[in-house]
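2 protein chains.
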Amino acid sequence: MKLTILGCHSATPRWDANPTSQVLDVKGHLFLIDCGEGTQIQLRRFKIKFARIKHIFISHLHGDHFFGLVGLISTFRLLGRKSELHIYGPKGIKEVITLQLKLGDSWTNYPLLFHELDSKVPQLLFEDEKVSVTTIPLKHRVYTNGFLFQEKAGERELNVEKAKALKVEMSYFRKIKQGEDGVSSDGAIVPNAEITIDPPTPKSYAYCSDTEYFPQIIPQITNVTALYHEATFLEKDHHLAIKTKHATAKEAASIAKNAKVDMLILGHYSGRYPGKEEFRKEALQIFENVELAEDGKVFEL
Amino acid sequence: MKLTILGCHSATPRWDANPTSQVLDVKGHLFLIDCGEGTQIQLRRFKIKFARIKHIFISHLHGDHFFGLVGLISTFRLLGRKSELHIYGPKGIKEVITLQLKLGDSWTNYPLLFHELDSKVPQLLFEDEKVSVTTIPLKHRVYTNGFLFQEKAGERELNVEKAKALKVEMSYFRKIKQGEDGVSSDGAIVPNAEITIDPPTPKSYAYCSDTEYFPQIIPQITNVTALYHEATFLEKDHHLAIKTKHATAKEAASIAKNAKVDMLILGHYSGRYPGKEEFRKEALQIFENVELAEDGKVFEL
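Top line first, the protein sequences correspond to chains A and B. The opening residue of the first sequence carries number 114 in the working numbering; numbering runs sequentially from there. The opening residue of the second sequence carries number 114 in the working numbering; numbering runs sequentially from there.
These are calculated hints, taken from the structure and not from any lab test. These figures come from a predicted structure and were not determined experimentally. Careful: at least some of the hints might be erroneous.
One copy or two, it doesn't matter: identical chains are merged, so the pair holds either way.
The list that follows gives simulated cross-link-like pairs (lysine-lysine, PhoX-like), each with its CA atoms no further than 20 Å apart [stated by the list, open to error]:
1. Lys-204 to Lys-215
2. Lys-349 to Lys-389
3. Lys-215 to Lys-252
4. Lys-358 to Lys-215
5. Lys-167 to Lys-115
6. Lys-265 to Lys-243
Generate coordinates for the entire structure from the input sequences, incorporating the hints supplied.
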């Protein structure tokens with residue numbers, strides 16, 4: 114899993130602070146998560162191949178999370194895209210995008226498929242043999258979802274030398290990788306555990322932005338490899354977090370701690386603070402492994 | 114009149130090539146013309162005071178001319194704007210902007226006034242005692258207007274010394290500036306021309322983008338101080354200009370020559386060409402005073 118932050122600032126875009134967008138590279142997929150104004154420029158800046166994006170997940174319909182979507186969809190058309198593009202987002206997203214394409218008489222020449230969301234419980238949005246994507250219902254001023262990206266456990270790794278030493282017939286290898294026991298050339302059962310090793314632990318990534326402090330998400334995100342949690346404010350401005358239904362760095366850390374995640378990534382910083390280090394300091398008082406999102410930063414999970 | 118180019122490239126935004134937007138500073142007004150994605154970032158980059166913008170003119174509803182509008186409107190809200198904002202643009206612009214504000218539950222807390230256009234003849238959009246703005250109907254794939262910005266002639270300048278020498282009574286000075294004759298203390302009529310000089314010639318600016326070669330605009334833009342005319346293509350790609358209803362540099366120059374304008378500014382370049390100098394070269398074969406728009410360039414007219 115490789116996470117690239119395209120933008121991680123709240124509210125108004127500035128030349129050095131892009132609104133929310135990130136790409137997650139996992140098992141051959143390049144998932145785009147949120148798409149604030151200027152996202153397509155950030156994709157170019159960081160040399161991310163547009164054509165690899167086939168699924169875009171929009172958390173909610175505030176401008177700093179989706180005003181760049183229609184432009185990206187239009188650019189795909191100008192680049193001659195042919196393959197399907199799937200958009201997952203709150204109900205209403207289809208109307209607003211198609212209205213703009215209609216007004217410009219600029220329909221896409223590729224299939225544009227909307228998956229509108231209005232459920233308040235987790236929903237499976239995408240699944241193949243290697244990865245799944247599920248909504249994480251959040252609590253904000255408008256209907257909002259986070260997204261949970263989960264790798265599936267791969268096949269068991271065969272210890273070929275040991276299998277050969279135990280005279281396990283090669284024709285069983287495929288099923289052994291899937292967890293079955295082997296059979297030796299003299300007919301004896303060879304337990305799976307003796308000739309295989311565990312595959313790498315599946316990675317998982319939870320994206321939670323925007324939301325107020327909402328501990329109800331903890332059971333769903335427990336033990337994830339990385340949690341991106343919004344931290345719009347510092348604790349000294351807790352009243353603003355309450356008012357605007359955002360979270361503080363301390364609250365994000367509390368979620369991370371209670372969900373026993375491996376790593377917390379903070380983002381969605383308010384522009385009122387001169388730097389980001391205060392966010393990390395505040396979170397470190399509660400949780401030990403805190404990273405700061407920055408535009409252009411890459412996290413190898 | 115001071116024209117600042119915020120973006121002058123066609124189609125997809127790139128980090129070094131912004132889609133169309135420009136600001137015209139004239140007689141105390143700061144008019145924003147078109148608003149492609151990223152315009153608000155360009156406004157910040159070039160340190161243009163957001164609050165001074167009270168009128169935004171949108172030529173047509175292709176993304177590279179208006180996808181930045183909703184973000185700018187939202188940013189005005191976040192900045193606590195109180196004063197009216199007037200949006201002039203094709204029918205449909207109100208629906209698409211208000212739908213986005215509705216979906217995000219982000220209504221403006223300042224008056225947002227739409228003036229929707231569907232006329233195919235020139236329309237006066239704005240007028241005060243110093244300046245007027247009129248549509249220039251253009252011909253493109255969708256309904257499109259250019260805009261003509263015209264200063265009004267100021268008062269005549271009084272030659273005070275000569276007026277005093279001719280014993281013109283001061284109480285007449287105000288009316289003399291407005292063109293009336295004076296009267297000397299001995300009752301003689303003093304012709305206006307003897308005691309005044311012409312005020313500076315009023316400036317005018319015609320913005321014409323996007324459009325195919327459309328000589329019908331010539332009577333309306335004759336003698337303007339500066340004409341910005343789209344030149345998406347070079348003449349060698351004339352077939353593409355025909356197909357997409359855009360113009361070539363040569364065609365833009367032909368319009369400039371026949372309209373006897375003082376200066377031609379080319380822009381809206383296709384990304385297919387490595388540089389801009391070829392556009393100037395081609396236009397110079399037809400018309401002598403050709404400038405190239407560039408992001409961030411300022412023209413003092």
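The hints, checked one at a time:
1. Lys-204 to Lys-215: both (19 Å within a copy, 12 Å between copies)
2. Lys-349 to Lys-389: within (15 Å within a copy, 52 Å between copies)
3. Lys-215 to Lys-252: between (33 Å within a copy, 18 Å between copies)
4. Lys-358 to Lys-215: between (34 Å within a copy, 18 Å between copies)
5. Lys-167 to Lys-115: So Lys-167 and Lys-115 pass the 20 Å test inside one copy only (16 Å; across, 44 Å).
6. Lys-265 to Lys-243: Within. Shortest intra-copy distance 5 Å satisfies the 20 Å Cα cut-off; inter-copy 69 Å does not.
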